[in-house]
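A.B. asks: The hints should help you fit chain P onto chain F, whose structure is shown.
Line by line, the protein sequences give chains F and P.
Everything in the first sequence is counted per UniProt numbering, starting at 1 for the first residue and increasing by one.
Everything in the second sequence is counted per UniProt numbering, starting at 1 for the first residue and increasing by one.
Hints listed in this document are in silico derivations from the structure and should not be mistaken for laboratory results.
Even for Gly, the Cβ is constructed at its ideal location relative to N, Cα and C.
Be aware that a few hints might be false.
[To be verified] Computed footprint of chain F on chain P, listed as stretches where at least three residues anywhere in the stretch have a Cβ under 8 angstroms from a Cβ of chain F:
#, segment
1, 109 to 116
2, 132 to 140
3, 165 to 173
4, 177 to 184
5, 201 to 207
6, 304 to 316
2 protein chains.
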Amino acid sequence: MSHAARVSALDGLLTDAGLDAVLATKDASIAYLTGFWGLQLERFFGVAVRRGGEGALIAPSLDRDSVGQAPTALEKSLYDAAKGNGLSTLYDTLDGAKRIGVEEDHLNFARAKALTDAGYELVPASDLIMELRAAKDAEEIAAVKYACTQIIAVYEELWADLKVGDSEADVNAKAAYALARRGGSHPEPHILFGAHAGDPHGSPGPRTLQPGDVVVADISAQFNGYWGDMTRCAHAGTPSDWAQRAWDVVKQAYDDAVAATKLGNTAKDVDAAQRRIIEAHPDLGACLHGAGHAIGTEIHEPPFLVASSDTPLREGMIFTVEPGIYDSQRGGIRLEDDILVGPENLSPYPLELRVLGG
Amino acid sequence: MSHAARVSALDGLLTDAGLDAVLATKDASIAYLTGFWGLQLERFFGVAVRRGGEGALIAPSLDRDSVGQAPTALEKSLYDAAKGNGLSTLYDTLDGAKRIGVEEDHLNFARAKALTDAGYELVPASDLIMELRAAKDAEEIAAVKYACTQIIAVYEELWADLKVGDSEADVNAKAAYALARRGGSHPEPHILFGAHAGDPHGSPGPRTLQPGDVVVADISAQFNGYWGDMTRCAHAGTPSDWAQRAWDVVKQAYDDAVAATKLGNTAKDVDAAQRRIIEAHPDLGACLHGAGHAIGTEIHEPPFLVASSDTPLREGMIFTVEPGIYDSQRGGIRLEDDILVGPENLSPYPLELRVLGG
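This is chain F alone, in the form it adopts within the complex (with noise of 0.2 angstroms):
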């Protein structure tokens, strides 16, 4: 779909949410509606919509060059940000409208409450940019597909190289640069190695690969706008009695909700498909995070695949499904595809717990 479609097409959702105009700020959105790319720091960016479809990007001056390339047909406003921070653009591109849509989980509470004290009414609308953001066409679905193709190549030199002695900070660099040189923006690897898996969220560091160890291969980048991310495991040497369950049990989990992305199904059934499995064997470790997050121009997007949730699956969405178990002195086991509801594997590769160093 054309960055016009994509605007008329939030237009079209306008009237029945109520709204007379929606802002949308979250970086992902404005890529999603007018294909530029912003870096916002402390600056105010934003796509205003007015009912009808008018409005602009609001940008500082400083991105002039940047957002004079951006292929969107919406007129382009630019402030000076080292004199205003760029709302007096805003509300003159709101032009009259009162009642408007914002993106609730990203507007800070700074600029929401200076649009309140200006006579705005702000109303939660992420749902509703996501309504269209969460449905990737073919060629949003291609674009994801391509970038799992990155990140296995990248797999393939981490699996080639990787040995007892190596850092986490060495390797999880190397990957870096790997995602890097075949154009990945924003790449973060979380290659952790042994008891330092056990931490979903761990940050590599100066721990060396020890056998025994497990690895959890976490690899995520973006290519043209679209993320992949995906994780597979190893083992330094024969795998633990431990590390051979996990697999067997996080395996099971993996595929139980995989079959679940489907039509039909809401986000809760998904997580409650690996979440049964990995919660019946705590004596391997915890459950610690949902099945999975929706994935496009963000790494992490609504819905989330959680047990509160209970959002409907719709075509052309797609999610990582993830499940893990983490222990934290024997360390975690984490598989992680990229999904589209069907389900079909965006990012097909071996899943098997790779042995290392025979």
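C.D. replies: Just chain P now, with coordinates in the frame of chain F:
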């Protein structure tokens, strides 16, 4: 200062500010107060401190291992993000406090609305938290200096390798790898060539270095929790008349702005020092941004050196001073160092317009 001393210093500001408690939600503020670096994504993380100094670090149970290792003496309150959003844990921690200081430039609208609906009165308190974070102690100054020494080593590698025909994408991937190998987190080189360097926030792409191109090499990364951020320029072959004149002007603006980074001045004085030089040369290009930003546990943190800021410079503040001049056809020139109010340059390294490929 220890993490406990920082919490205590923050508590010491609450009475005068008329606050019952303060809630820090930025990663960098949380790390400053507790030593814990999280990975927020969609989940709630915060540090709540009530008047009297009691409070808690609140995080998802997913992060239990890293939270467990954090040096903070505050209570550690974990919640299950698969089942709730963490706010009830926050309410328990606030324990009757009503008037709550929040980081208004970070807390999102959804959470602010939930807090307001629950009866809390939210008060902007970024300035209060930054009053502490902005004044760096000797250890923090040394950490920024260390980050700069690592970046300088990466410049040495860059200048030794860079040659006509190299692509921006490859050169940036290599620089990111060089930073990561040295232990840098979030390496974000922005090394741009020719006309593309006229976009201060351009993303590295397939463009290759051509004879006659200017090179703007902005290199930043975080080491041990603290950022360094520098920019140097080069030219492929003998500098053009434009490049040499633009460099001369930017060097003058840099000298004047560095000299203005002293006690007794305000943020806008530093900006004025560079702006009056850059804006006097519209034939060479445009002045697209302020003089710089504070730097520490965040790469861009308040105060910002912009024309609209009356914030007085204080002892221990560290700023990037980074005047630049930009032309969409001919490219850009920017010089950037990390300057302790004094001024003292924490990133001493030759500023020269380096000539590549003799």
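A.B. asks: Hints first: check each against the structure and report whether it holds.
C.D. replies: To see whether the hints hold, each was checked on the structure:
{"no.": "1", "hint": "109 to 116", "result": "holds (count 4)"}
{"no.": "2", "hint": "132 to 140", "result": "violated (count 0)"}
{"no.": "3", "hint": "165 to 173", "result": "holds (count 4)"}
{"no.": "4", "hint": "177 to 184", "result": "holds (count 4)"}
{"no.": "5", "hint": "201 to 207", "result": "holds (count 3)"}
{"no.": "6", "hint": "304 to 316", "result": "holds (count 4)"}
Going down the numbered hints, you'll see the structure goes against just number 2.
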